[in-house]
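Colleague: Using the sequences plus the hints, can you model the full thing?
Single-letter residue listing:
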Amino acid sequence: MEISALAAGLKPLAPEIVLLLAAAAALLVHLFGGRRGPRAAGWVSLAGMAAAGAALAGAPLSGGVFYAGSLIVDSFAVFIKLAVLAAGALTVVLSFRFFGVERYEPGEIYALLPLAMIGMTVSASTVDLISTYVAFELFAVTSYLLTGMFKKDRRSSEAGIKYFFLGTLSSGLMLLGMALVFGLTGETSYSAIARGLAAADSHFVLTGMVLFFSGLFFKAALVPFHMWAPDVYEGAPTPMTVFLSTAPKAAVFAILIRVMVGIFAGFQAQWSIILVCLAILTMFWGNLAALTQKNLKRMMAYSSIAHSGYIVIGLAAWGEPARMAVLFYVFVYVFMNAAAFGLILLVRKGEGFGEDVDSLRGLARKSPLLATAIVIVLLSLAGIPPTAGFMGKYFLFLAAVDKGLIVLALAGALNSVISLFYYFRIGRAMFMEDPAGETRLESSLPVSLVLIASALVCLVLGVVPTLLSNFAGRSVLGF
Amino acid sequence: MTLFGIPILSFITFFPLAGLVLILFLPGRKEKAVKLTAAIVAGLEFLATLYLLTGFRVGSGEMQFVERAPWIKSLGVQYLMGLDGISLLLVLLTSLLSFIAILSSWNAVKSRLKEYYVFLLLLEVGMIGVFVSLDLILFYVFWEIVLVPMYFLIGIYGGERRLYAAIKFFLYTLFGSVLMLVGILVLFSRYHTFDWTAMLAMGSILPAALQTWVFLAFFVGFAIKVPMFPFHTWLPDAHVEAPTAGSVILAGVLLKMGAYGFVRFSLPLFPEAARRFVPLVAVLALISIVYGALVSLMQKDMKRLIAYSSVSHMGFVMLGLFAMTPLAVKGAVLQMVNHGVSTGALFLIVGVLYERRHTRLISEFGGLSSRMPVYAAVFLIITMSSIGLPGLNGFIGEFMILMGVFPVNAVWTAVAATGIILGAGYMLWLYQRVMFGKLQNPANESLKDLSLREFAVFLPLLLLAFGIGIFPKPFLNVLDKPVEKVIRIVNPEFYEREAAVPTVPADAEKPVVGKGGVR
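So the protein lines, in turn, are chains A and B.
Taking the numbering used here, the leading residue of the first sequence gets 248, the next gets one more, and so forth.
Taking the numbering used here, the leading residue of the second sequence gets 747, the next gets one more, and so forth.
Please note: incorrect hints may appear among the correct ones.
Which residues of chain A face chain B? A few of them, derived with a C-beta cut under 7 Å, are [unchecked claim]:
no.	residue
1	TYR351
2	LEU431
3	THR435
4	VAL648
5	GLY720
DSS-like mimics (lysine-lysine), calculated; alpha carbons at most 30 Å apart, straight line [said to hold, decoys possible]:
no.	chain 1	residue 1	chain 2	residue 2
6	A	LYS541	A	LYS409
7	B	LYS914	A	LYS613
8	A	LYS613	B	LYS1227
No lab work stands behind these hints: they were computed from the structure.
Note that the Cβ used here is the ideal one computed from N, Cα and C, for glycine as well.
Modeller: As structure tokens, this is what we get:
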């Protein structure tokens, strides 16, 4: 009797619990599995993510509030959780390739990944300051570890330390902002705070809001809070870069949307201006910096910064269509980014991986299928139809224009031209240049799977966007 | 109307895609099978577009064969296709030139055949789609699809500076089209639909200032594609570096997409802004005409010469469109077809020599007529068509444009006419330097004349050149009503004046307008 009541009570957290069990199981398998332990832990972790996805399918979408009003499970949360799970699964698949080649597989990451994902999936559900901060810190701390876990490469440790110091600082700022907001109202639940803030001194509210947001902006790597991102993305082991550049952003954008709507709805004029500026800065900075990069990983790091900028367009353009666009773009972005970083794992150089832009030379002759898949993803990243990337940008720009923010749409459109220039340096290398240099291309099943899956997602959602956009559209109703 | 159970416009748009998929599954080693499949697909596609004629109502200015289905329902995007006389001519031109381009590549392309034909067929999907789309987002999607295969055609199969030319082409045109995309979105924010027919039905509801901005956004997108001075700088590079088939498609169809955009979207959707910008566009068109011709005179490379001549000829088209009289607009649309025929053929002509000698420098040749008599005849006919000799197609288009522009502004007509004189200059001089004189370069001694296959490639273009030149009436009949519809929106005064004062000054143009013929 009591157990069944407990089980019913835990049901809203079913995906998170599955992930927690998977993390524990992966850790045990890694410790006691002998030489094959780490790889087996990876499979356990992957299975756990699949099971969490299945658990998600059974989640109530009614928008019920649980646990003393701290968590809400609505279809918005489910959507973000799905994106996070997809990012995690793609990461594990790419990890098989990466750590297999490097002959050094820290099995702990397969336990850390589900833990980080718990932080992110809970973030998508929080409507209370305390649970928000706890979830945020959970994925923040695990992110530092994931970055620095690859002890074989000094760049990884350096990136981990850098991420840790700057990340802690930003978490502190965010906590200060939360404290101010709490101090003004004495409440922790979003809705109660919103009621309390109506009577508060707007200077304090704005200070709190800006501090609160800056912690989130930092995690989303928006310019000028992005300084850590290129180094961390470049230094982290490539699969972790895929994870760190996608999943935390999905979580952060979820928190941002909930906070903007739930707490600071009355200050829309103020944060809208902030976000417009951030979007323009981030897009231009990311794309212009990517133009000059020779290292593929660093180039994609800047590209992923630019993509955060596109998503912020949707946050700045307030309203349901805009939030739908954000959800659509976040989901597609997970796949595009996984492929963009994943393609690096095709290039071998000596014992490890080559990271030059030119190292993909001649891929079209060696493997036309993979080259085509990569081109589709690149077109999607640049926003050329008929790809999901175009549809995402179209939704975002349309939402912006509809709110009279034509300047955002213009900036986004121009950026799409700039970005094409560096994306198609890869296209050029693959199709129009002959292999040269000390790198060699090596096909690999996990990488091929990720690339082809991503290309299919980009193509199918580009032709039939309603498959996803209808779900996304329903998810943003009823805020 | 359907074909094999599929609505006809969808069929002609996506049939090349089906062929493309088929080619993907052929083994790359079987080169002949790949070539043959591509040729058959393109040939069937041409027949399918001809089949359109059987159901086409000539006397109607409305969209025909309309297909409508929701695509992204929540955001008002539809799968909306339709075709009127203007689209019809361009669709036919596209399928014919694509077929010819594929046939002409039979021996020209030696490596990576499979991808080559895949790109050409994908290009055809995009081009046909552009001419039959009536939903602006659908139009934009096809418009952009065209860029990708063209980029690869230039970049993989092109000449020495192909990498530079390919990305320049891509970036220039993409820049224009993203501005257009923003324009489309702004339109949507006012009309709440992307449906072209619905927008026309609502009339121009944009406030004047906004209309100007949106017009400019579209203008940049289309003008880069046309290309108009000063947006033309991508064109010589792209044309010169592209493989022959790529140049044929580029000059024959891609440039028409820009002009088509003006007549289909810019003029009827933004009539007030379009009228306000007539002087600017006309001046740019005149500069294109004269500047393009002058630069052509100075070229040493045959392809570059023809590329700049395109700038000049497309200047005529733009001048005709923005004269906003029925005669000039019809002439302009017909001239799009003419230019596709003659310039497409000219690039093929250069391609024939390039395949044999691997150079396009005019100074390498001379006196070829003695070795290649059939080639000389074909070249001569096309040269005459390009410079507008009466009896050939170029004359009809240019003459109608000049006739139609004259009542609007005599000075423009005079300046434009110098373009024809200069055009005769550079084309005849080219012909003279390549074909006449003594054969001095020993490398040219053993040049072979056109093979039967090569001649067969030219034949439909020659027939069209004579056909339009001698009996243009069917082509003009098709254009009558659609063009009238555009003019009634963008320049209603024209018909009001005509109705009110049946004598002077409309007298000079009336017989022409009424019958839709020239002479």
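Colleague: Indicate, hint by hint, whether the structure satisfies it.
Modeller: We went through each hint and held it up to the structure:
1. Hint on TYR351(A) is violated. Least Cβ distance to chain B is approximately 39 Å, over the 7 Å limit.
2. Checking LEU431(A) against chain B: minimum C-beta separation of about 38 Å lies over 7 Å; hint violated.
3. Taking 7 Å as the C-beta contact cut-off toward chain B, the hint placing THR435(A) at the interface is violated, the least distance being around 36 Å.
4. For VAL648(A), the suggested interface contact is upheld, since its CB lies about 4 Å from the closest CB of chain B, less than 7 Å.
5. Interface restraint check for GLY720(A): the shortest CB-CB distance to chain B comes to about 6 Å, inside 7 Å, so the restraint holds.
6. Distance check on the hinted pair: LYS541(A) and LYS409(A) sit about 23 Å apart at the alpha-carbon level, within 30 Å; holds.
7. The hinted pair formed by LYS914(B) and LYS613(A) meets the criterion: a straight-line CA distance of about 27 Å does not exceed 30 Å.
8. At roughly 54 Å between alpha-carbon atoms, LYS613(A) and LYS1227(B) are farther apart than 30 Å, so this suggested pair is violated.
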